[in-house]
Amino acid sequence: MILNVLSIVGSVAFAASGAIVAMDEDYDIFGILVLGFITAFAGGMMRNLIVGIPVAAVWHQTGAFIAVLAALGITLVVPGRLLKWGWKLMVYFDALGLSTFAVEGALYAERIHVSAGTVMVAAAMTGAGGGVIRDLLAQRKPLILRSDTYAIWALLAGAVIGLRWVSPHVAWQVYVVLAGTFVLRVLSIVFHWHLPHVESPNRDKAQAVDK
Amino acid sequence: MILNVLSIVGSVAFAASGAIVAMDEDYDIFGILVLGFITAFAGGMMRNLIVGIPVAAVWHQTGAFIAVLAALGITLVVPGRLLKWGWKLMVYFDALGLSTFAVEGALYAERIHVSAGTVMVAAAMTGAGGGVIRDLLAQRKPLILRSDTYAIWALLAGAVIGLRWVSPHVAWQVYVVLAGTFVLRVLSIVFHWHLPHVESPNRDKAQAVDK
Amino acid sequence: MILNVLSIVGSVAFAASGAIVAMDEDYDIFGILVLGFITAFAGGMMRNLIVGIPVAAVWHQTGAFIAVLAALGITLVVPGRLLKWGWKLMVYFDALGLSTFAVEGALYAERIHVSAGTVMVAAAMTGAGGGVIRDLLAQRKPLILRSDTYAIWALLAGAVIGLRWVSPHVAWQVYVVLAGTFVLRVLSIVFHWHLPHVESPNRDKAQAVDK
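Residue numbers (UniProt numbering), protein chains in the order written: chain A, 1 to 211; chain B, 1 to 211; chain C, 1 to 211.
Don't read these hints as lab results, they were simulated from the structure.
Where hints are given, some of them may not hold.
[To be verified] Calculated Cβ distances over 12 Å to all of chain A for the following chain C residues: (1) Ala22; (2) Val114; (3) Val170; (4) Gln173.
[Said to hold, decoys possible] A few chain A residues facing chain C, derived, Cβ under 7 Å: (5) Leu49; (6) Gly52; (7) Thr118; (8) Lys141; (9) Leu145; (10) Arg146; (11) Leu195; (12) Pro196; (13) Val198.
[As the list claims (entries may be wrong)] What the simulated footprint calls covered on chain C by chain B, stretch by stretch (three residues with Cβ under 8 Å from a Cβ of chain B suffice, anywhere in the stretch; the number is not a length): (14) 38 to 52; (15) 115 to 126; (16) 136 to 147; (17) 193 to 199.
All C-beta atoms in this analysis are idealised placements derived from N, C-alpha and C, irrespective of residue type, glycine included.
All chains should be built: construct the whole structure from the sequences, respecting the hints.
Right, here's the structure in full:
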C-alpha cells in the first residue's frame with residue numbers, strides 16, 4: 001500500500017524529469033508528453049521484458065497513469081518561472097522514484113523466483129531504464145553511463161533483496177532497503193560522488209575510425 | 001481486404017522513407033535495407049510488444065514483406081534523379097501509411113479488449129513508432145517529438161476507435177476514420193500545422209550539465 | 001558442446017568491444033560494465049523477442065555470464081597499455097563471435113520451424129544486434145549500417161541454414177558454415193571490403209529540414 005503510493009510519487013518525478021529534458025531539447029508538447037510517459041513507464045516495461053513478465057502488465061498501473069497525466073498537464077500550463085522553485089525538490093522526488101522503483105523491480109523479479117543476478121538487473125532496469133530511453137530519445141549520451149552513481153544504488157537494493165539479506169515478505173525490512181537506497185542516492189548527490197573512469201587502450205585509433 | 005492492400009501501400013511508403021533517411025546519412029546498401037525494413041515493421045512490433053500480442057506475429061505479413069523488398073530493390077537500382085519525381089507523391093503515400101497503420105493498430109488492440117488508452121497508444125505506436133526507431137538508428141532527434149503533428153492524428157484515430165465512437169466491426173465506419181486521419185495529416189502538411197513548444201524552467205542549467 | 005565454448009569466446013569478445021567503446025566515450029566503470037554486458041547479450045535478446053522465444057531465456061547462459069563478468073573485471077584492472085597488445089587479436093575473436101552467434105541464432109530460429117527469411121534475420125540479429133545497441137548507447141551511428149560488411153556474413157550463414165543447404169542436425173555441416181562465416185569476415189577486414197553506397201535523391205532537402 002505505502003509502496004503503491006511511493007510508486008506513484010516516483011512515476012510523477014520520473015515523468016517530470018522526462019518532460020524537462022524534452023523542454024530543454026525544444027520538443028513540442030507531444031514530445032514532452034511522450035518523454036514524460038516513457039521516462040515514467042519504460043523502465044518497468046524493459047524489466048518485464050527481460051525478467052519474463054508480460055510487457056502489457058504495465059497497463060494495470062491505472063493510478064500511476066492518471067497521476068502522470070495530471071502532472072504533465074500541470075507542467076504544460078504552469079509558467080516555467082514557477083516550476084523553477086519545484087526543481088530543487090525534484091532531485092529528492094527523483095531519488096524517491098529511484099529507490100521505490102528499484103525495490104519494486106526487485107520484488108517483481110524475486111516473486112517469480114529468478115536468480116539474484118536477475119533480481120539486481122531487474123532493480124537497475126526498473127530504476128534507471130526509463131532515464132536511459134529518455135536520454136536516447138533526446139539524443140543525449142545516457143547520463144547514468146557517464147558520470148553518475150544513479151544505477152549503483154538500484155543494483156545494491158536488488159542485491160540485498162535478491163540475496164535474501166532481507167525478507168521480501170516482511171514489510172518493514174523492505175522499507176529499510178527503500179530508505180537506505182534513498183539516503184545513499186541523496187548522499188551521492190550532496191557529496192558529488194562519482195565512479196572512476198578508465199583510460200581507453202584505444203582512444204586515438206577509435207576516434208580516427210569515427211571520423 | 002482493402003485494409004490489407006492499404007497496409008501494404010503504407011509499408012512500402014514507410015520503407016521508402018527509411019531508405020531515403022539512410023541514403024541521406026550515407027549509409028551503405030545494407031544500412032538502406034535495414035532502415036527500410038525497420039521503418040516499415042518496427043512500429044507494428046512495438047505495438048505487439050506493448051499491447052501483449054506475440055512480437056513474432058509480425059512475420060505473418062508475407063505480402064507486405066515481399067512488397068517492401070521489391071520497393072527497396074527498386075530504390076537501390078533506379079537512379080536518384082528519377083526517384084526525385086516520386087518524392088512529392090511520397091508524403092501522400094506516407095500519410096496513407098500513417099492512417100492505415102494507426103487504424104490497423106487500433107483494431108488489433110481493440111480486438112483483445114484493452115482500455116481506450118491502450119488502443120490510442122497502440123494506434124500511435126503502429127503509425128509513428130517505426131519512424132522513431134528510424135530516426136534513432138540515423139542518430140537524429142525523432143522528428144515526431146520535435147515539430148510535427150504526425151502522431152496526433154494516429155492518437156485521434158485510436159481514441160475514436162478505442163472509445164467506440166465508431167464500431168470497429170462495421171467496415172465503412174472504419175474507412176471513415178481512416179480517411180479522416182489521412183485528410184487531417186495532409187492538411188497539417190499543407191498548412192504547416194505545428195504543436196506549441198514550452199519554455200524549459202531549466203534550460204541554462206541543463207545545458208551546462210550537458211557540457 | 002564446441003558451440004557452447006565458441007559462444008562463450010564470442011560473448012567475451014563482444015563484451016570487450018562494448019567496454020572499449022565505453023572507454024572511448026569516457027563513460028565511467030558502470031557504463032563500461034553496462035555496455036560490455038549489453039553488447040554481449042542484447043543481440044540474443046532481440047533475436048528471442050523477434051523470433052518468439054521468451055526473452056528471459058537469455059538468463060540460462062550462466063557460463064557466458066561468468067566469463068563476461070571475469071573479462072570485464074580484467075579489462076577494468078589491467079592497464080590500458082597492456083590491453084593494447086590484445087587489441088590486434090580482438091578482431092579475430094570478434095569475427096569468431098560473429099560467426100558463432102550467427103550460426104547459433106540461425107539454429108535457434110530453425111528449431112522452432114520459422115521461414116528461411118526469419119532464420120536469416122535471427123542470424124543477423126544475434127550476430128550484429130548487440131553492436132547496434134552498443135553504438136546507440138554510445139551515441140554513435142551504428143557501424144554496421146554505414147561501412148561494414150559485418151552483418152552480411154551473418155545473413156549468409158542464416159540463409160545457408162534457413163534454406164537447408166546444410167542440415168542443422170549434422171554437427172560437421174554446422175561447423176563448416178561457422179568456419180566459412182569466420183573466414184569471410186576475416187577476409188573482409190583484410191581486404192577492406194565495403195558495400196556500395198547510393199546517392200540520396202533528396203540530400204539537400206533533407207539536410208535543410210534537419211537544420
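Each hint, compared with the structure:
{"no.": "1", "hint": "Ala22", "verdict": "violated, 7 Å"}
{"no.": "2", "hint": "Val114", "verdict": "holds, 20 Å"}
{"no.": "3", "hint": "Val170", "verdict": "holds, 33 Å"}
{"no.": "4", "hint": "Gln173", "verdict": "holds, 33 Å"}
{"no.": "5", "hint": "Leu49", "verdict": "holds, 5 Å"}
{"no.": "6", "hint": "Gly52", "verdict": "holds, 3 Å"}
{"no.": "7", "hint": "Thr118", "verdict": "holds, 6 Å"}
{"no.": "8", "hint": "Lys141", "verdict": "holds, 5 Å"}
{"no.": "9", "hint": "Leu145", "verdict": "holds, 3 Å"}
{"no.": "10", "hint": "Arg146", "verdict": "holds, 5 Å"}
{"no.": "11", "hint": "Leu195", "verdict": "holds, 4 Å"}
{"no.": "12", "hint": "Pro196", "verdict": "holds, 6 Å"}
{"no.": "13", "hint": "Val198", "verdict": "holds, 5 Å"}
{"no.": "14", "hint": "38 to 52", "verdict": "holds (count 4)"}
{"no.": "15", "hint": "115 to 126", "verdict": "holds (count 3)"}
{"no.": "16", "hint": "136 to 147", "verdict": "holds (count 9)"}
{"no.": "17", "hint": "193 to 199", "verdict": "holds (count 6)"}
The structure is inconsistent with hint 1 alone, although it conforms to all the rest.
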